[in-house]
Structures are given as structure tokens and as C-alpha cells.
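Protein chains: 2
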Amino acid sequence: SSSAHQIPKHFKSLIYSTHEVEDCTKVLSVKNYTPKQDLSQSIVLKTLAFPINPSDINQLQGVYPSRPEKTYDYSTDEPAAIAGNEGVFEVVSLPSGSSKGDLKLGDRVIPLQANQGTWSNYRVFSSSSDLIKVNDLDLFSAATVSVNGCTGFQLVSDYIDWNSNGNEWIIQNAGTSSVSKIVTQVAKAKGIKTLSVIRDRDNFDEVAKVLEDKYGATKVISESQNNDKTFAKEVLSKILGENARVRLALNSVGGKSSASIARKLENNALMLTYGGMSKQPVTLPTSLHIFKGLTSKGYWVTEKNKKNPQSKIDTISDFIKMYNYGHIISPRDEIETLTWNTNTTTDEQLLELVKKGITGKGKKKMVVLEW
Amino acid sequence: SSSAHQIPKHFKSLIYSTHEVEDCTKVLSVKNYTPKQDLSQSIVLKTLAFPINPSDINQLQGVYPSRPEKTYDYSTDEPAAIAGNEGVFEVVSLPSGSSKGDLKLGDRVIPLQANQGTWSNYRVFSSSSDLIKVNDLDLFSAATVSVNGCTGFQLVSDYIDWNSNGNEWIIQNAGTSSVSKIVTQVAKAKGIKTLSVIRDRDNFDEVAKVLEDKYGATKVISESQNNDKTFAKEVLSKILGENARVRLALNSVGGKSSASIARKLENNALMLTYGGMSKQPVTLPTSLHIFKGLTSKGYWVTEKNKKNPQSKIDTISDFIKMYNYGHIISPRDEIETLTWNTNTTTDEQLLELVKKGITGKGKKKMVVLEW
Numbered sequence: 009s010s011s012a013h014q015i016p017k018h019f020k021s022l023i024y025s026t027h028e029v030e031d032c033t034k035v036l037s038v039k040n041y042t043p044k045q046d047l048s049q050s051i052v053l054k055t056l057a058f059p060i061n062p063s064d065i066n067q068l069q070g071v072y073p074s075r076p077e078k079t080y081d082y083s084t085d086e087p088a089a090i091a092g093n094e095g096v097f098e099v100v101s102l103p104s105g106s107s108k109g110d111l112k113l114g115d116r117v118i119p120l121q122a123n124q125g126t127w128s129n130y131r132v133f134s135s136s137s138d139l140i141k142v143n144d145l146d147l148f149s150a151a152t153v154s155v156n157g158c159t160g161f162q163l164v165s166d167y168i169d170w171n172s173n174g175n176e177w178i179i180q181n182a183g184t185s186s187v188s189k190i191v192t193q194v195a196k197a198k199g200i201k202t203l204s205v206i207r208d209r210d211n212f213d214e215v216a217k218v219l220e221d222k223y224g225a226t227k228v229i230s231e232s233q234n235n236d237k238t239f240a241k242e243v244l245s246k247i248l249g250e251n252a253r254v255r256l257a258l259n260s261v262g263g264k265s266s267a268s269i270a271r272k273l274e275n276n277a278l279m280l281t282y283g284g285m286s287k288q289p290v291t292l293p294t295s296l297h298i299f300k301g302l303t304s305k306g307y308w309v310t311e312k313n314k315k316n317p318q319s320k321i322d323t324i325s326d327f328i329k330m331y332n333y334g335h336i337i338s339p340r341d342e343i344e345t346l347t348w349n350t351n352t353t354t355d356e357q358l359l360e361l362v363k364k365g366i367t368g369k370g371k372k373k374m375v376v377l378e379w
Numbered sequence: 009s010s011s012a013h014q015i016p017k018h019f020k021s022l023i024y025s026t027h028e029v030e031d032c033t034k035v036l037s038v039k040n041y042t043p044k045q046d047l048s049q050s051i052v053l054k055t056l057a058f059p060i061n062p063s064d065i066n067q068l069q070g071v072y073p074s075r076p077e078k079t080y081d082y083s084t085d086e087p088a089a090i091a092g093n094e095g096v097f098e099v100v101s102l103p104s105g106s107s108k109g110d111l112k113l114g115d116r117v118i119p120l121q122a123n124q125g126t127w128s129n130y131r132v133f134s135s136s137s138d139l140i141k142v143n144d145l146d147l148f149s150a151a152t153v154s155v156n157g158c159t160g161f162q163l164v165s166d167y168i169d170w171n172s173n174g175n176e177w178i179i180q181n182a183g184t185s186s187v188s189k190i191v192t193q194v195a196k197a198k199g200i201k202t203l204s205v206i207r208d209r210d211n212f213d214e215v216a217k218v219l220e221d222k223y224g225a226t227k228v229i230s231e232s233q234n235n236d237k238t239f240a241k242e243v244l245s246k247i248l249g250e251n252a253r254v255r256l257a258l259n260s261v262g263g264k265s266s267a268s269i270a271r272k273l274e275n276n277a278l279m280l281t282y283g284g285m286s287k288q289p290v291t292l293p294t295s296l297h298i299f300k301g302l303t304s305k306g307y308w309v310t311e312k313n314k315k316n317p318q319s320k321i322d323t324i325s326d327f328i329k330m331y332n333y334g335h336i337i338s339p340r341d342e343i344e345t346l347t348w349n350t351n352t353t354t355d356e357q358l359l360e361l362v363k364k365g366i367t368g369k370g371k372k373k374m375v376v377l378e379w
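Here the protein sequences line up with chains A and B, keeping their order. Going by my numbering, the first residue of the first sequence is number 9, and it counts up by one from there. Going by my numbering, the first residue of the second sequence is number 9, and it counts up by one from there.
If you are wondering where the hints come from, they were derived from the structure by calculation, not from laboratory data. Owing to the predicted nature of the structure, the values given are computational and were not obtained by experimental measurement. A couple of the hints might just be wrong.
Listed below are several chain B residues computed to face chain A (Cβ distance under 7 Å; list not exhaustive) [unchecked claim]:
1. Pro73
2. Thr281
3. Met285
We treat Cβ as the ideally placed atom computed from N, Cα and C, and that holds for glycine.
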């Protein structure tokens, strides 16, 4: 049982002291060290799973503007930090004092903030206020709710005062991304319609059907259609229907795609940019700003929730409610797991596993710990 | 004297019923007509001068999103509108009732709103509330204060809560434009510093000196410098000085220039786009939106002051105060006048004059009426 969990004298973490843009896996190493904290007076967590996010990789490269402080806490010669910003943990030991809050052994928790270091077998926190309970979420939702979950949820919820009885729409590009799938599910639950733009592909109809049937997108169109002025004039209004209001554009592509989704907004609307997969800058026809009153802003989950931690707590709480109602499904089908067996995986194997997670193509990678 | 002014039975206006993008001068004609209003019950204005603005030309082309209603008021077979959105007038006749407000014969006035039609020898208004008195301004300032004056003044004044004791900056491109010169003068009067970007040119030093000495720009740099990362790293901070805050970017160029001025902003700052002289879209590196909290919006003087006419009245009032203090100088040196002698210029000559004003290159054109 959890209460009988044996906490080892040494913790094992993936750490880095330097950065390298070209091959960031070079800066990672597996380190075994004695935690500095008095574990009997701490909240001790064992790690269940952590995803490998683009922002984690950008941190290793040294190109991400949010970063952890490097310390000597891990018995290194140079100051080091534990990699990773997101993960789900289980409470395995609690202090006797009030700092444990309402945490119980066996609770599933996620860190409130980024930059805590999650690529580790154990982590220690001093106060329950630095953690959020996510017992109701499955492993995959819990391990991704801080970044993709919050991003998708807050993009829909935090910027527009929606009228769920109106014919109100969000348009977004990168419609197959994990965040976009959260967006469509949350929007549907709130009575907001979504027009998702995806890249042209041979199996367009098949992919569109999954996004519509499984993830609740109201309608999926291709980038060709998105960029086609005839489509905008003749087909779009039929898709949107009577008195439609396209109030919010969500951009994570940039370039022409960003201009084309912005063009479909009503007057005085908002485009939020939260990614730039095309590596092209956000491109906005001047007339949209001047004559259509477009506002273009950015969204950064890390900064937003650092400035306002309560907003993250509230978001996760609402997210969990939607998950419990079945409005948001687990992202398990979008994830490829890499298994770290804490009893049998050697340090060398662990490092290779994580490197594979960083460099591998295709589905999002998540390291799942077997205990 | 003004009170003895003879109002003719026929007015003369430059009107249009159709639009043409290629050569918009074709749609203009000079029309003599009997005004429909009872002039004894109206505010009658004689025109002193009107500028030929890009937006006036865009209206003739049919590509401007704000446009006057076309009517049969001018004895035409097809509905027609009088061209022009801006101009300065003299009150030559007043009604006896309260609709004249505090207007006096001889007052210099401008229309409160756009789309009134200003390319005319006389105009009639029913209420003083549709006019703003500008007696203190010279002809050139008065004739341009509605568009360039308001634009420059409001860009500086209406978006940022400036600390005039701080080292606070505006960066703007198109630094030689008429609006940019208003911006630098208003900013200087308010204790805000300006970094004006101008195109590279052989006589850069000479032009920069005029902008700095005559128009109050704090510092002028070239587009090459604006786009140069080494300049941004090594020279810019010396120009800006200690604890500088670059809080507002004003873009009327677009493309690379817009990206480069946006890059120089502090975090969570604002870029306002009010023009697009390069014909390139507004281009914003994704990271500025996501990681630096940049907000990009548009500014449109017509729409802003239509929505909130009091804001225009207040702006003009403040503008006049600055003009009276000598903080804002007349734009007369930037303007080429075209003379319409109301006694001797024939209709054919008038049409040619205005066509020349539309197609002519170089300085801004203003038609000045001789009475």
C-alpha cells in the first residue's frame, strides 16, 4: 500500500547543467543523489508519468524564456536543474504538520508551477499549496493537463464572454494538435462552435470525421479551403449558418494560415497566438487591424499561471468536472508511452529512453514509470 | 465682412456616383446645383481649404470601408455624394434658433464627422453640434487636424498611461510622415521620448536633424538600423539610456519594419497599426506574442471618432492648446497648395486642379479657395 512505501536514500533524476541547441540530448545525464530535505518533514512524491513537451526540449536547448534556477542540490560539480516541467505524481509520504493540507497518501497530484523538474523518480515538496490534486483524471490526462489541458481550456474560456445560445464560433488552425482537440471538446461543452483548419492530406475526410465525431469539432476544413477566397465568399457562410459570429481565432501555425483564420473573424475580434509550427511569423493584413478592429495577442500557459496561480487551480477544477462528465476524453490515443521500470531499467537505459523521447517523431512521447 | 456675405443660389461641388479603382479621377465631376435646405434656417459655411487625403481617393476608388450615403440632393440622375472628408470652413450665415449654438459669423469650423463631403465651395449644416470651432488654428492645421492631427494626437494620448517623469519611449516607423511629425511634437510636449525610424537615404543626417530639431523627435534611426540585430544589441540601449521603457510602437509601414519596431518594445507592450505604406502585411515574430506579451491592434481615426465624437472634440481642444503653446507647429511646409479662385476658376479648371491633386506626387496636396 502507499502508506508502506519505502522511500530510498537516493533519488534518480535527469539533470542538466549546460545547454545545446543542436543536440540537446547531450546535456542530459542521469544522476543519483541524496535529497537535501528532511523527508520526514516533507511531502514526498513518486513519479507516475511525465510527458516530453516541446518546451522541455527548448529549455535543454537554452532557448526557452522560462527556466528553472540551477542549484547544487543534486551533488553536482556545476549548478544543475532537473529537466521537465510537467508530470503526475503519487503522494508517498506526508509530514505531520499543517503543510500537508488536505493531501492523503496515495493522492495523485501535479505541480502548481512549471520549472519544478519532473524527469525524476521522486520529488519533494514542502507545501500542499504547491500541488494540485487530480485523483479523478487518468494517467494521460493528469500528466498533460498542466500544459495542453490548461492551454486548450483557457484559450476557450478566459478571453471571450460567450453567449452559448448564440451561433458563436472559434476558428483555429493546427486542428489535429492535442491542444486543438481540447479546444473543440471544451467549446462543445460550453455551447461554442469550432471551425478547425487542418493541413491538406490524402485521408482528409477520415481525419476530419475523427475530429468531428470523437473530439467535437463542429466542422473541419483544409488549409486550401482556409486560404481560398472563393470558399470564404461562397461556402463559409453556409457552414457557419445564420447570424454567425466568429469571435475568436486560435493560431499555432503562423504565416498565411494565421492571416486566413484572422480574415474570417467578425469585427473587433481577437486572435490568440500560442504556437508557430510553420516557423513563419504571425502575418496580419493591415486592413484587419485598421478597418476590422482585430486585436492580436499571445497566450503563454506558463506565464499566465505563474502570474495567477489561482487561475490554474480553477482551470484544473473545471477541467476535471468536464472530464468526469465525459466532455473531455483522455488523450491516451495520441500518446506513445516509454516505460521506465524503476526496478530494472538501468541508468544507461533510462538516458537512452529519454533521448528517444526527445528525438522521436510521431505521437507525443510520455515516460511512464513502473513501480 | 462675413455678415454681409452673399450666398449664391447655386453651390458647386465635386461629386461622384460610381467608383473606379484604376483611375478614380474619372468618376469625379463638378456639379452646380441648388441646395435643398432652407438656407435661412441653416448654418451655411463657405469652404476655405480641403486636403486631398489617401482615404478620399480610396473612397472614389470604392475600396474604403467608410463611405457617405449617395443621395439625389445634387440634382443628379444617379445618387451621388460630394467627395472629401476633411476641410476647414468659415461660417457665413446662421439661423436664428438655438441650433446655431455658440457659433458666430466668421468662425472657422471643421465637421465633427467624416463623410460630410468637403470638396465644395459651400456646405450646409443644421446644427452647431456637427461642427467644431478651430479659430485658433492656421489654415493648414485646421484643414488637416481631423485626420492627421487627431491620428497623431490620439495615438500618443489615448492608449498608454504615460509617466512623464520616466524614461518612456514611443518607437514609430515612417518617421517623415505628417502623422509621425504630430506624434513627435505631441510626445515631446507630454514628456515622452520618440524613436523615429525613417527609410535609408543619401541625406539621412539632414532629414534626421529636421525631424529632431523642428519636430521634436528624440532620436531618428534608419530602417537599416531598425532591422540590424547588432544595432539593437549594442547601440540601442545607449540611445535609450538607463531604465528606458519602450511602451508603444506605431506602425504605418508593415512587413519587416513592423516586426523590427515591435521587437524593441518592452514586455506586455502595444503596437498600433494605422497604415501600411509598404503594402506588406503586419508581420510579428510569434515569440513576441507568446513570450513578450505583445498586443497588436489597429487605429482608425474615422471609426474611433464616429463611435465617440466627444473624444474628437476633446482631442481637438487639447490639440489647439498645444498649438497655442507652440508645441505643435503648422504643417504648412509639408503641403503643396492648389488654388481654386471662386470668382475666376472655371468648372473645367477646377476639375483639372483636383485631378492634379489626386494624381500628383510629392507633398500632400491641399485645395485652397480664394474668395
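Right, here's what the structure says about each hint:
no. : hint   : verdict
1   : Pro73  : 5 Å, holds
2   : Thr281 : 4 Å, holds
3   : Met285 : 9 Å, violated
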